Amino acid sequence: QITLKESGPTLVKPTQTLTLTCAFSGFSLSTSGMSVGWIRQPPGKALEWLALIYWNDDKRYSPSLKSRLTITKDTSKNQVVLTMTNVDPVDTATYYCAHRNILSVTCFDYWGQGTLVTVSS
Amino acid sequence: DVVMTQTPLSLSVTPGQPASISCKSSQSLLHSDGRTYLYWYLQKPGQSPQVLIYEVSSRFSGVPDRFSGSGSGTDFTLKISRVEAEDVGVYYCMQGLHLFTFGQGTRLEIK
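Residue numbers (our numbering), protein chains in the order written: chain A, 1 to 121; chain B, 1 to 111.
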């Protein structure tokens, strides 16, 4: 059974760096085809994809946020970390991590519960 | 960037009646491998999104057969044959060919 859980600060000040961790189980990010993505959702708004990391350490970023995002993985700990620099109140959102297997159904098929991050001074 | 446009943005449906949501992509979602990378999600109130349909028309495991997807290229449709109370929430289409982009969402409520 695949599960994912996001963790990180609930409140961050503007201009600070946000670090979020996705802890997962039920699959290995060293297995061919596996990937983990980050998606966010501002309160009352639509979903926005942020970043994705593959089993082979290939990475993809949203073009609009690429300069501020870094995604990394720790295969031994079954964790993926997303860092976002220079946060602003518009970055206030629920942040989700999700599993994707490009050799299977290819969608984000399993999602974490999400973690709400508020950016405010 | 690929833009995903959903219509309508809201639906009010009587239980037992059908519902349909359209999703149009600004670029073709057909890959050279023959797959079309278009997905449908439902986000129920207070929950994380859950996948309903992957690659245009394949129902994800456990999804009731009243949900169906169709389309090709840039035009796609999600249909619910008979809406039930548990179908309330926001429906999103998502493309996965040109990185990833979600539609604006379609809110479905029960009359």
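Everything labelled a hint here was simulated from the structure, so no lab data went into it. Fair warning: this is a prediction, and the values are worked out from it, not measured in the lab. Some hints could be false.
As the list claims (entries may be wrong) - For lysine-lysine, the following BS3-like pairs were computed, each having C-alpha atoms within a straight-line distance of at most 30 Å:
(1) A:K45 x B:K24
(2) A:K66 x B:K111
(3) B:K44 x B:K111
(4) A:K5 x B:K44
(5) B:K111 x A:K45
(6) B:K111 x A:K59
Below or equal to 30 Å on CA atoms is what counts here, so check K45 of chain A against K24 of chain B. Given that 30 Å is the threshold and the Cα spacing comes to 19 Å, the pair holds.
Hint consistency between K5 of chain A and K44 of chain B [alpha-carbon to alpha-carbon, up to 30 Å]: holds, 18 Å
Take the C-alpha atoms of K44 of chain B and K111 of chain B, compute the straight-line distance between them, and say whether it is at most 30 Å. holds, 17 Å
Next pair to validate is K111 of chain B with K59 of chain A; report whether the Cα-Cα distance is within 30 Å. violated, 44 Å
Would the pair K66 of chain A and K111 of chain B pass a check requiring their Cα atoms to be no farther apart than 30 Å? Since the Cα atoms of K66 of chain A and K111 of chain B sit roughly 42 Å apart, the hinted pair is violated (cutoff 30 Å).
Given the hinted pair K111 of chain B and K45 of chain A, is their Cα-Cα distance within 30 Å? Holds, at about 23 Å.
In the structure shown, a violation is registered for the earlier hints numbered 2, 6, in ascending order.
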